[in-house]
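Peer 1: Use the sequences and the hints to build the structure in full.
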Amino acid sequence: MTPRGSNSTEVVRVEGLHKSFGKLEVLTGIDLAVAEHEVICLIGASGSGKSTLLRCINLLEPIQAGRILLDGEEITARGVDVNRVRRRIGIVFQAFNLFTHLSVLDNVTLAPRRVLKEPSRQAVAKATELLERFGLADKRHEFPDRLSGGQQQRVAIVRALAMRPDLMLLDEITSALDPELVAEVLNVVRELAAGGMTMIIATHEMGFARDIAHRVCFLDGGRILEEGSPDRIFREPTEPRTRQFLDRVIAAGRLDPTWPPC
Amino acid sequence: MTGPADPGGVTGLRRFRPAGVRDRNGGHRSTLIALGSTVVVFGLLLAVVLNSPGWPLIQKSFLNATYLADSWPRQLEAIGTNVQLFLMAEVIILPAALLIAVLRSLPGPAFFPVRLLAVLYTDFFRGVPGVLVIFVLGFGMPLLGLPGVPIDAFFWGVVSLVLIYSAYVSEVYRAGIESVHPSQEAAARSLGLSRAQALRHVVLPQAVRRVIPPLLNDFIGLQKDTALVSFIGVAEVFRQAQIDEFASFNFTPYLATAALFLLLTVPLARLTDWLTARSRQRQLGGFAR
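Chains as they are written, first to last, in my numbering: chain Y, 1 to 262; chain S, 1 to 289.
Think of the hints as simulated: they come from the structure by calculation, not from any bench.
Just so you know, not all the hints are guaranteed correct.
As the list claims (entries may be wrong) - Across the chosen pairs, the derived CB separations fall in these ranges:
id	chain 1	residue 1	chain 2	residue 2	range
1	Y	A251	S	S183	28 to 38 Å
2	S	G27	Y	R190	54 to 64 Å
3	S	S183	Y	N187	21 to 31 Å
4	Y	P119	S	P267	38 to 48 Å
5	Y	A251	S	R209	46 to 56 Å
6	Y	S120	S	D123	42 to 52 Å
Stated by the list, open to error - Not the full set, but computed from the structure, chain S residues with beta-carbon under 7 Å of chain Y:
id	residue
7	A186
8	G192
9	L193
Here a beta-carbon is modelled for each residue, glycine too, at the ideal position from N, C-alpha and C.
Peer 2: Right, here's the structure in full:
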């Protein structure tokens, strides 16, 4: 884990963010600041707004109130070039969303070639290097439907990394995977964290969140109800709603209450 | 691909057999059954027709070998015009219809007039009988007498076919565009691709691939409808058959026309079936592309 210095620079700041779908208010005032190299895990029940928050930060959803700053620049302001912003933020989705008509290599090189205007040869070399790093080099000419879920999700991560983003958003990236495929994907995320990647991770994998997060945010009813170190949130949550949620998670066998052994 | 050659699944031999499994004896037996029942059914039909009271008359006015031999060379030459009509129209329709489909799926209030125009266009040309469009343009436009407006019937024939079929084909494209899941576009946009880039590199390639069979189906229709252009005096194959019929008072030339159209359309129909079957197999079995 990368220790967080007190004077580290801020990558993202979210202020008073409100988001509704029609009459349904999904986010009701989110404030969040993420420092460089920091790993934030968002936990909470389904429908608490984790995914929506990530989609708002990537400007995939218009917001109703509040603002979002990336490296100090307000990206929710009028007239901001959303394509320029999205280049710097990588997002990985629950359902992989690989381009089904393109090979693994073309999936990874599409954006560097079309958006960053990298020469094809250079984009391919970089993509091959990344795919090698994550054990996917032999799959580079396969099409997504020939890969396992775990492999597809690793390709999706590589595809986002190929844009060399300042920030990665991971939206429940293991929720659609068979249990035996979860580990290979989480290991990739661990490697990214070890490499100092700034990440906001929405997850239901509590054990993983406890291992990897510098800070855990518990979302409830569209706001961050409680946040703190994983140790504090998982062992001594102060809010009754947090405790209730964690009790249900423990009852479902998704979190070992005796961790770490002491 | 294994199994007996049965383009289009006409005999139904392949239908109930899992792909790749070949039951030697069973395959032989079902071929015999198919053959037997075909002989019986067609034999009966033929017997009914041949014994009908009007058969000698039909024979005389539709199946006259002399008139056929006389008309055939002229028709063979005339069908070249149909092929030209078809190819020229087709080359324009493919991109034009795609453009209309894309215009119709542009989002946002600013593009409302564009969408409205696209909707009006497709509604109009799908809703009006094609032969009317051909009449109005083919006879009307040259009458305008404007300098620079062609008076050539062939020209207006191509224009009419393009207008009519672009409306149909744009709807086929649109169905393809709408069948691509929005998450594909979201993934593209999240990587920083613009709307246009996402459309060009992610949505359209998937959409077009999916609608190739229905596209070909429309082109079978277009091949046949080139005959409609005969009404404004283009010397194509149906026109030629009419001329020969008027000269001889014998309908046999139309039989030759029918045969020529079948020679054009049936190969395309088989190709369509083959592509449809292939894309279904890919969806089921995940074949490598």
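Peer 1: Would you pick out the hints that fail for this structure and give their numbers low to high?
Peer 2: none
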